[in-house]
Amino acid sequence: MERKDSYQYVRDLLIQQFEVPAEAVSPEALLADDLGIDSIDAVDMIVHMREVTGERITPERFKTVRTVQDVVDIVDREIA
Amino acid sequence: MTAAGQNSIDRGTGRRAPLEGPLGRAARLAWTVISFSLFAIGGLLFGLVVAPCLFLLVRDDQRRKHVARGMISWLFGAFIRFMALVGLTWQVDGLPTGGRPRHCVVVANHPTLIDAVFLLWLFPGADCVVKAAHWRNPVTMFAVRAAGYLPNNDDETLLHEAVRRVRSGGCLVLFPQGTRAREGEEPVFRRGAAVIAARAEADLLPVRIRCRPHILRKGETWFRNTRHRPHFHLQVLDALQPATWTEGDRGERGGTRELTNRLSTLLLKAVHSSPSKAA
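For the record, the sequence lines run as chains A and B.
Sequential numbering from 1 applies to the first sequence in the working numbering.
Sequential numbering from 1 applies to the second sequence in the working numbering.
Treat the hints with care, since some could be wrong.
[What the hints assert, rightly or not] Okay, derived cross-link-like pairs now, DSSO-like style, lysine-lysine, Cα gap no bigger than 30 Å in a straight line:
hint, chain 1, residue 1, chain 2, residue 2
1, B, Lys-269, B, Lys-65
2, B, Lys-218, A, Lys-63
3, B, Lys-65, B, Lys-131
4, B, Lys-269, B, Lys-218
5, B, Lys-131, A, Lys-63
6, B, Lys-218, B, Lys-131
If you're looking for bench data, these hints aren't it; they were derived computationally from the structure.
Please read these numbers as outputs of a predicted model, since none were measured by experiment.
Please model the complete structure; the sequences and the hints are all you need to start from.
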């Protein structure tokens, strides 16, 4: 996966797997407050993301995540 | 109306009067100190004597957990009866009869420090999601290890392991609000309990816990002495089947959210007439 695709990937993941309305997704959107992603969703997101990034994403790293861009950054770092 | 297959146990409600007034309050304060000391001593003795014997004598992990959980349940029952001699009164309604419930998730609100003591006594052999700090507390560390309870340290491992254990027939006790609420705080239920039950295809068994007057809330000193003798009321409500919530368009995510809201209403808000009193 190309670096520039990371945002698209995270955006699609949110829309398709977590029923987030497309218009609500932006890099600055807050996962919990704006998109309704709760702690269980976060676990499920990690499981989905491992399909593209391999086994390296840990729940520890996800703890500091607040915005969509934070998730994109993790994907970027893992596939770089 | 008391539903078939359920029973009601009631202890000490008729003995309230003698322990009110200055003398009664003093007696209850003394009993609180004695009860807390007893719990601490019991936990340490379990660690020094019982747990080493268990680890030496019962080599099989599953068997040892089973024995340890049975002992904890028995000890907690004895402890509650001890506390109820002077310190508090209690009543339990709707407890399922006919053997230990299996393949289920017992969910309760969490008003006091001793809710888990009640639940692990009422559901012998149950598994329990326990605060990870208890693995480092000398009073509790040996019991939680011997019983193989589930530490709440990381969401992913917890979710995966909880589903596995319930799916294989376990009865898991957990508090969807995570920790006790402070006075004046509105507890918020997390979705995990409903998700665990849904993925393990198990029933949810809600238990509503009330304690009046309030004692042992978070941030409250354990020796706070109330004017009236505290009364614990535990109501085991009708089991909920997650499948009926997650089927159709709602899917697991929407269904478990609605189910969590329902649990929250049942356990935190709605007022139920006591099954025994309505009969």
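For a C-alpha distance cap of 30 Å, please report whether Lys-218(B) and Lys-63(A) respect it.
25 Å, holds
Between Lys-131(B) and Lys-63(A), does the CA-CA distance stay at or below 30 Å?
18 Å, holds
Need the status of pair Lys-269(B), Lys-218(B): alpha-carbon distance at most 30 Å?
19 Å, holds
Under the criterion that the straight-line Cα-Cα distance not exceed 30 Å, is the pair Lys-65(B), Lys-131(B) satisfied?
18 Å, holds
Holds or violated: Lys-269(B) to Lys-65(B), with C-alpha atoms at most 30 Å apart
36 Å, violated
Taken at face value, is the distance from the CA of Lys-131(B) to the CA of Lys-218(B) at most 30 Å?
14 Å, holds
Figure legend: structure checked against the earlier numbered hints; the only hint not met is number 1.
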